[in-house]
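Engineer: Residue-level listing of the chains:
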Amino acid sequence: MKVSLNWIKDYIKISFSLPRLIDKLDMIGLLVESREEREGDIILDIETHANRPDTLGHLGIARELAAAFGLPLKEQKWPLAEIEQKTSDIADIQIWDDDLCPRYCGIVVRDIQVGPSPDWLRKKIEAMGSKSVNNVVDVTNYVLFSTAHPIHAFDLDKLAGGKIIVRRAKKGESLKSLDGEDIRLTSEMLVIADKVKPVALAGVIGGEGSAVGEETHDVFIESAYFDPVSIRKTGKKVSIQTDASYRFERGADISFPPHAALMAASLLSQFGGKSTKEVLDVYPKPRKNKTIVLRHNRISKLLGLEIDEDFTFRTLSSLGFQVENQQQGVWQVKIPFFRVDIEREADLVEEVARFYGYEKIPAEIPPPGRDRTHKRSEKSENKQDATGSLPLWI
Amino acid sequence: MARKIKGRTLSNMKDFKLKIEDYKGAFRKSVAQVKDKKSLHELRNLYLSRKRGHLRLLFDELKTLKPDEKPKAGQLINGLKSYIQKRLQSIEKKLQTPKKTLKEIDLTLPGRERYWGAPHPVVLFQEEIEKIFLTMGFSIADGPEIETDYYNFGALNFPPHHPARDDWDTLYISDDLLLRTHTSPVQIRVMEKQKPPIRIINPGKVFRKEAPDPTHLPMFFQLEGLVVDRDITFAHLKGTLEYFLKTLFQEKINIRFRPAFFPFTEPSAEVDIECTVCKGKNKNCRVCGGEGWMEILGSGMVDPQVLKNVNIDPEQYSGFAFGLGIDRTAMFAYEIQDMRYFYENDLRFIRQFALK
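Each protein sequence line maps, in turn, to chains A and B.
Under the numbering used here, the residue at position 74 of the first sequence is numbered 74, and the numbers go up by one with no gaps.
With positions in the second sequence counted from 1, the corresponding number in the numbering used here is that position plus 1000.
Hints may be right or wrong, so weigh each one.
As the list claims (entries may be wrong) - Using 27 Å as the maximum straight-line C-alpha spacing, the simulated DSS-like pairs for lysine-lysine come out as follows:
1) K1283(B) to K24(A)
2) K301(A) to K1308(B)
3) K1252(B) to K375(A)
4) K24(A) to K1246(B)
5) K24(A) to K1308(B)
6) K334(A) to K1308(B)
7) K375(A) to K1205(B)
8) K1131(B) to K375(A)
9) K1086(B) to K301(A)
10) K375(A) to K1072(B)
11) K1072(B) to K1014(B)
12) K1279(B) to K360(A)
13) K360(A) to K1252(B)
14) K233(A) to K301(A)
15) K123(A) to K9(A)
16) K1246(B) to K2(A)
17) K290(A) to K1066(B)
18) K1246(B) to K360(A)
19) K1205(B) to K2(A)
20) K237(A) to K1066(B)
21) K1066(B) to K1024(B)
22) K301(A) to K1283(B)
23) K1279(B) to K24(A)
24) K1086(B) to K1070(B)
25) K1193(B) to K233(A)
26) K1246(B) to K1279(B)
27) K74(A) to K9(A)
28) K375(A) to K1195(B)
29) K1066(B) to K2(A)
30) K236(A) to K1024(B)
31) K1195(B) to K24(A)
32) K1072(B) to K360(A)
Stated by the list, open to error - Partial selection, computed: residues in chain A whose CB lies under 8 Å from chain B:
33) G29
34) A50
35) D347
In case anyone wonders, no lab produced these hints; they're calculated from the structure.
Source: prediction; values computed, not measured.
Even for Gly, the Cβ is constructed at its ideal location relative to N, Cα and C.
Go ahead and model the full structure; you've got the sequences and the hints to work with.
Structural biologist: So this is what it looks like as structure tokens:
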């Protein structure tokens, strides 16, 4: 994941040297693989992990740094230029297959002047190694690289009946993708359809027919949550991986779609866009946050050292966990939706250890003991042959 | 055999046939004894002499047979005759082939060098690593190179269809069978059979769907370790691996543990050593890429789900596991720039290491 230092500064105040920042990132598990100077900015290439989709955006990286340095995260405001109409007056969202799409939000933005992006936006998109397309597409990518939440913009006029139907594809349906490729759809694939036909392969790629272009005035912003396994299977089947599918297949933040939609609408107001009054949010079965019990003595039992209770509380809180002291030495920890990796107590122990610093954990030789259970089988013993050589292929 | 070969009073065909057989047998015995031209000449006279040869006498005996048996008997004698002639001819040829003489060896030719083999560097290095762990009380286990999806992934807490699998590019044999991508399945096989305390290492070949380049190979050697017991901690993991690395590199090296992700460990750590080539001082170092550190081990506390999968209670027992690429580590230890050298089997390369 490419990370721009200037972009990080939108979220936290950085008042320390670059080597110190890089060292900290390395030591909390965000290994900096390379760095590069670019137009007055520094771009870091960070190795992210398959279980941490939240770090696939600048907000997530900034959140980690804030916890590591004990800094507050800056609040960002997203003011809107609104019109009287509600989203639901213009568009209709129906989820037919909520097993594959448990949540779908949309907002309409009218009267946008589609054109090339302003410099600040173009630079940011290009710093991520992407191509600047136009201001609307760049805004959706800006939201993705900022928050790790993928969104999509449709040309509202090209959605037949102003309808959004989230459903499995029907037999024989196909879609021409944004890349001009004809995709044959199968009934396991989730699509976004209008009244008549599929207009996007959900969470993977948009359709050419509904894409935003020069002639577009009104835009429908999609901000949804799709089932990770379904996205992965579809992506594999059609051999397409996009910035969006890469994030959805790892698990998006199901609480975030309304925020991402608002953020996009607010940014589009810079190009004359006026948004509908509220985000239309279809979320038939709202999910509850996971709660995990963390025993303080379990931390020392696994790590081999005593960690201050106060440190544990502070670290988990700054990472966005809600920590409640249930009784002496036992916490009830509510897991935010963006942390799809946290499922057991051991996962929380790792969080504490990460920010305490692996380097501060002592090194001890385990108590003496000898395991005599195994004798390697004959075949892997290295027998010297007549010429004095040992075979490698054993 | 009591029959007399030279009897003169035969009168029936049956006896005549037997007589021919006897002569053939006797000739065979004698012909095997022939060593030189002289004995060859004697043998020829004995059988083929026109005056007193055995065959002459046989022809004479034809008279004693009934007229209708004569042609058949004549054929038999001629058959024996041509057999004897052929054998004698071929022996004569052999005796005539001249032997090589010393004069034909060209003493001015340079001598032929005999290449003695040497232990392969990867084998040597593996043994070096094994020795260190054996002194720490580990025993050596092994397992199959063809694995099922369950042992390679499922039991190790990889959810089906999870992108985490992308980090282990897999060569599948069928939907369920694959070439193991790491030695970790051995952990599971050992824990299924053995209850704690467990203290093993398991070296072996592993396979990845990767094109060979200086730092990647489609097949390489890995060594994995596992310790499970009561009260095993992350501090023990650090202590064990620090001792191991400092012993292996036989010098003061800087080591760092940094958080990482493996589905089968939690917390997880990657272990880096400071670049053995530039010591972190060369921004353009080709070995460490200028970052000053080289990743050398993956490790972590055994994931509670993995313990549950093998019916070990994670509340009572804990453990740590680690793994390293033997070839990759040998690269750093011997300061070799390209991992492919290990498998090109150039004796000039391979033989150097036995001297170390």
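Engineer: Holds or violated: is the Cβ of D347(A) closer than 8 Å to a Cβ in chain B?
Structural biologist: holds, 6 Å
Engineer: Just to be careful, I want the Cα atoms of K1066(B) and K2(A) compared with a cutoff of 27 Å; is the pair within it?
Structural biologist: violated, 113 Å
Engineer: Under the criterion that the straight-line Cα-Cα distance not exceed 27 Å, is the pair K301(A), K1283(B) satisfied?
Structural biologist: Roughly 41 Å separates the two Cα atoms, so the pair is violated.
Engineer: Is the Cα-Cα distance between K123(A) and K9(A) 27 Å or less?
Structural biologist: holds, 15 Å
Engineer: What's the verdict on K1066(B) and K1024(B), does the C-alpha distance respect the 27 Å limit or exceed it?
Structural biologist: holds, 23 Å
Engineer: Just to be careful, I want the Cα atoms of K74(A) and K9(A) compared with a cutoff of 27 Å; is the pair within it?
Structural biologist: Within the cut-off at roughly 9 Å; holds.
Engineer: Given the hint that K1246(B) pairs with K2(A), does the C-alpha gap stay at or below 27 Å?
Structural biologist: violated, 35 Å
Engineer: Run the distance test for K1205(B) versus K2(A): straight-line Cα separation, threshold 27 Å.
Structural biologist: Roughly 34 Å between the alpha carbons, so the hint for K1205(B) and K2(A) is violated.
Engineer: Within 27 Å, alpha carbon to alpha carbon, are K233(A) and K301(A)?
Structural biologist: violated, 40 Å
Engineer: Take a quick look at whether K1246(B) and K360(A) sit within 27 Å of each other, Cα to Cα.
Structural biologist: holds, 19 Å
Engineer: Assess, step by step, whether the Cα of K1195(B) is no farther than 27 Å from the Cα of K24(A), and give holds or violated.
Structural biologist: violated, 39 Å
Engineer: With a cut-off of 27 Å on the C-alpha distance, tell me whether K301(A) and K1308(B) pass.
Structural biologist: holds, 18 Å
Violated hints, in rising order: 3, 5, 9, 10, 14, 16, 17, 19, 20, 22, 25, 29, 30, 31 and 32; the structure is consistent with all others.
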